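Going left to right, the sequence shown walks through residues 1 to 672 as the numbering used here numbers them.
Just to be clear, a hint being listed does not mean it is correct.
Derived pair list, reagent style DSBU-like, types lysine-lysine, alpha-carbon separation capped at 30 Å [as the list claims (entries may be wrong)]: (1) 622 <-> 640; (2) 181 <-> 558; (3) 479 <-> 558; (4) 81 <-> 601; (5) 377 <-> 502.
No lab work stands behind these hints, which were simulated from the structure alone. Model, not experiment: these values are computed from the prediction.
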Amino acid sequence: MNRSKVKYLPFIITKILIFAVFSSQSLQASSITDGISDFRDFNEISLEELLNIQIVTANKKEEGILESPSVVNVITADEIKLLNFKTLTEVLEYSVGISSNHAQALPIFVTSTIRGNTLVNFQTSSLLLFDGIPIYNPFHGSFDLSWIPLSSIERVEIVKGANSVLYGTNAMSAVINIISKKQSDDVELTGKVAIGQNKTIHGEWAHFKSFDQFDSRFFADITSIEGETFDSFNHKYESGEQETNFRNGSVVAKINYQDVEIHFQHFRREIKTMLTNWDTDDDKTVFTPWTFDESGFILNVDYRRQFSPKAMLHTHSHLFIWEMDRIYPYPITLVPDRMLYESSLYFGEVELTLSPIEKSENIIGVSLDILNGRRYKLLDDVYDIGADDEKTTNLSVYLNGNYRLSPQLNLFYGGRYYRSSIRGVGQSNFSKRVALTYQIFPNWYVKSMYGESFRVPTYPEKEVKMPQLVGNPELSPEKSTSYDALISGLVKGVQVNLDIFKLTIEDQIVRGLTPDSMKTYENSGELEYTGVELEFKFRFSDRTFGFGGYSYAEGRDKSAVINPTLADTTSGDLKYTYNNMVNFGISHVLTDQFTLTGSMKYLDQWQEADSYIVLNSGITFKPLPSLEIQLKVDNVLSQKIERPEQMYHSGYWEPVTWMEKPRVFMSVFYTY
């Protein structure tokens with residue numbers, strides 16, 4: 001689809017969706033008003049309380065989303081069930097302003113683009129948390145959404161903007177915090193099994209149990225896909241097919257005793273990708289498969305103690321271990337290379353929350369982490385990353401607080417000092433945060449926010465030793481600054497957020513542009529992203545709810561020398577920043593037994609990948625209170641959905657196909 005033909009399509013779609021929402025609301029207005037008491041009986045809370053979702057990530061304490069001093073998008077458990085996908089990556093696709101990509105169509109290199117900030121391979125500008133626990137791989141400074149079982153998710157809190165004051169390194173574009181399901185008196189066991197094309201099998205399991213003073217929660221997901229095939233192109237314009245077999249499993253166990261919680265998490269993934277029917281100079285038709293065998297675990301101990309209404313202590317420490325065995329055949333030589341990756345992280349944090357006066361609350365904290373990352377090349381019998389097995393030590397001291405200036409006006413502030421050292425070389429950073437929230441009407445707020453953030457260099461960026469690339473141990477941290485102006489409120493069953501943002505990234509770590517500097521990394525990039533995001537949620541009764549949004553983003557390379565593979569050398573416009581996105585989802589209960597669901601996403605042209613509209617639909621049958629059966633079709637319109645190939649930031653690579661045919665799945669949900 002040509003960009004010029006769809007220039008105004010996102011605005012038209014957004015208007016149609018908003019009109020549909022408010023029209024449906026008007027038709028039901030009298031029944032809503034008259035039936036509020038019935039609705040409260042169903043949900044045990046009012047519409048306002050329901051839509052003013054309680055969150056914890058924006059300020060490290062529980063508060064209503066309307067009052068929070070941040071731009072927060074929340075994906076609820078109901079919305080995850082509405083979307084009915086197999087992975088968290090797919091779920092995030094339908095959050096406003098987020099789209100995902102993976103290099104060479106491999107699920108192992110998935111990145112989530114937030115506010116137009118597209119990175120290569122790894123998500124180093126965003127931070128993933130699971131109940132506040134960093135899911136951070138110290139080897140490549142990134143995270144993998146496959147670590148999180150969907151069965152465990154109560155909601156997803158996405159806090160946008162620079163947030164290093166609260167969460168440290170990598171919180172440059174956003175913090176994604178997964179909040180797990182809690183114990184329930186009504187539910188002890190839940191399960192889901194889905195089957196579909198390409199021998200797809202997906203299973204979810206959650207178990208809750210209490211005995212004496214112990215509470216336990218167990219979650220597990222497993223996904224298997226065999227033989228999914230797409231057209232593929234390499235850097236020599238040779239064409240063929242790529243067939244992927246994929247298995248992924250994640251398990252989480254949480255045990256609570258009084259003020260202590262123990263969290264254990266295990267992850268395992270196997271990928272085998274075969275290049276077939278390849279048009280090469282030597283007439284080879286089948287390549288040795290790429291294989292990835294990856295595993296890891298996390299052990300976390302959390303302790304919270306409320307000493308008085310004015311003082312609370314919170315400590316937690318965790319151990320992260322990860323390893324991967326990768327066999328990668330180079331298409332030109334057909335000689336497979338094998339690499340072994342490993343990383344470890346010990347993290348400890350102590351926080352003291354003090355409320356000396358009624359109008360003020362402050363969190364004072366200190367954290368320490370010791371980390372390591374290595375890569376071993378079997379063919380060369382050498383560690384090209386982490387050869388001396390030196391560990392990095394990071395220390396942080398921070399303050400985050402707020403002071404209520406008046407009943408309507410609240411001031412938030414904070415700062416974090418960060419110090420990192422390895423081999424006697426130290427680097428430091430100081431990040432600041434300030435925000436104002438003002439209640440203009442009941443359930444309506446305006447907010448102004450400023451934040452700073454940083455990202456420390458990764459082990460590959462500092463230490464890699466290859467013929468074509470050598471690391472730079474003198475790299476400085478990347479820095480980001482974000483500005484947001486937000487209006488947020490509730491009106492007759494609809495919760496709305498409208499945000500205008502600007503994000504700048506300085507000292508970006510990039511490969512140089514000259515023949516000599518291309519062989520190493522340097523702090524030379526400067527990027528700027530600006531845009532607007534509209535998000536809304538609606539719930540008109542116990543039968544109808546949904547969500548929607550629109551985002552517009554622009555990205556520019558402000559560096560002294562513009563990288564021609566990333567940006568237009570005349571305008572500076574970033575090639576990997578899409579402009580327009582629209583998302584929408586709705587669930588409607590037809591009868592006590594049947595529910596209809598639907599979701600939609602429009603995405604603008606993204607580098608060389610064409611724009612598209614994808615529609616998904618489902619129908620759920622509930623023969624028993626504890627049993628649901630859903631038939632779902634993704635990509636009803638048979639749209640070809642592509643992503644830009646960004647493995648090497650080279651124009652020689654064609655866009656990667658994500659989907660081009662409808663996908664049919666049947667799912668069974670069970671609750672006991």
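Hint by hint, here is what the structure shows:
no. : hint        : verdict
1   : 622 <-> 640 : violated, 33 Å
2   : 181 <-> 558 : violated, 43 Å
3   : 479 <-> 558 : holds, 14 Å
4   : 81 <-> 601  : holds, 17 Å
5   : 377 <-> 502 : violated, 42 Å
When held up to the earlier numbered hints, the structure conflicts with 1, 2 and 5 and fits the remainder.
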